[in-house]
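Trainee: Between the sequences and the hints, there should be enough to build the whole structure, so can you do that?
Sequence lines, in order, name chains A and B.
For the first sequence, the numbering used here assigns the number 5 to the initial residue and increments by one for each residue that follows.
For the second sequence, the numbering used here assigns the number 5 to the initial residue and increments by one for each residue that follows.
Because the hints were derived from the structure by calculation, they are not lab data.
As the structure is a prediction and not an experimental result, all values here were calculated from the model.
If chains are identical, the list can't say which one is meant, so a pair holds when it fits in one copy or spans any two.
Distance condition first, Cα-Cα at most 25 Å in a straight line; then the derived DSS-like pairs of lysine-lysine:
#	residue 1	residue 2
1	Lys105	Lys36
2	Lys105	Lys149
3	Lys85	Lys61
4	Lys135	Lys85
Number of protein chains: 2
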Amino acid sequence: MQSKFSLSLSACILIIMTTLAGADNYSNSELKKATAARHSQMQMIAYHTGLLSEMAKGSTAYNADLATAAAENLATVASMKRITLWLIGSEQGAIAKSRAKSEIWSDSIGFEKTALAFEAASNAMIIAAGKNVDTLRTAMSSIGKSCQSCHESYRGPKN
Amino acid sequence: MQSKFSLSLSACILIIMTTLAGADNYSNSELKKATAARHSQMQMIAYHTGLLSEMAKGSTAYNADLATAAAENLATVASMKRITLWLIGSEQGAIAKSRAKSEIWSDSIGFEKTALAFEAASNAMIIAAGKNVDTLRTAMSSIGKSCQSCHESYRGPKN
Numbered sequence: 005m006q007s008k009f010s011l012s013l014s015a016c017i018l019i020i021m022t023t024l025a026g027a028d029n030y031s032n033s034e035l036k037k038a039t040a041a042r043h044s045q046m047q048m049i050a051y052h053t054g055l056l057s058e059m060a061k062g063s064t065a066y067n068a069d070l071a072t073a074a075a076e077n078l079a080t081v082a083s084m085k086r087i088t089l090w091l092i093g094s095e096q097g098a099i100a101k102s103r104a105k106s107e108i109w110s111d112s113i114g115f116e117k118t119a120l121a122f123e124a125a126s127n128a129m130i131i132a133a134g135k136n137v138d139t140l141r142t143a144m145s146s147i148g149k150s151c152q153s154c155h156e157s158y159r160g161p162k163n
Numbered sequence: 005m006q007s008k009f010s011l012s013l014s015a016c017i018l019i020i021m022t023t024l025a026g027a028d029n030y031s032n033s034e035l036k037k038a039t040a041a042r043h044s045q046m047q048m049i050a051y052h053t054g055l056l057s058e059m060a061k062g063s064t065a066y067n068a069d070l071a072t073a074a075a076e077n078l079a080t081v082a083s084m085k086r087i088t089l090w091l092i093g094s095e096q097g098a099i100a101k102s103r104a105k106s107e108i109w110s111d112s113i114g115f116e117k118t119a120l121a122f123e124a125a126s127n128a129m130i131i132a133a134g135k136n137v138d139t140l141r142t143a144m145s146s147i148g149k150s151c152q153s154c155h156e157s158y159r160g161p162k163n
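Mentor: Here is the structure:
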């Protein structure tokens, strides 16, 4: 009974803390900065995906060291803690240039799932990118699907 | 003798490889993209340093979870492989908006040293940020010195 009570109490505290975190009121300046930081994160993802994609297509010569480093950087950027970046109140319409759908917060479990899928695809790319161009190309397909899946569900139309 | 010969041969191969890497001719488009990606990296560093700095100054309330996440993201961004970002030929004057001094490449050992010092300061911040605002403030001082040291030696004047 003691153990069950402790568990319920912990669960309650967690719910209260989550609710409080969701109720945070960030200033417009904080929300704008977080949005800009997310855009930088996306830009770094696009840059490293681009390096890998060019090699996969044969537009640039395959280079195992560069491909591995690009994949490592991709996985690094994908692993960033979301708490500092996805501040509640920074959705499209509320903050200029933001394309973040409100579903990121209303469906936070689904959003976390797609983010974790992207982390997994990026991690899988590290070994694949260093092997040869064929394994890189196959892993690129998973990365592409992961990007598309998240954008379809959680990115709004162009501003 | 066999071992010394192998070592010398390895050293020669390394020198040749390094020279070749330095002689890479990147297209203007590749250099521009790498420069933009570096700016995104710097922007993410500035954002997370800003979050920590505001808490250190008392401008925002100290929040151990947010501070730890900010420090983790800082260390993550600092750890990115430099090979994809610091392409030779993307120095100030050669590429618009670049403020990278040519010393980054001519003194690559010194540059690597300052980059590793920043990684170390960011990693030290992870524990410090989660403890209390005083330990955060002390670690912030090392971060600031590390930023300043690199900018003084390797960042050119405003464009």
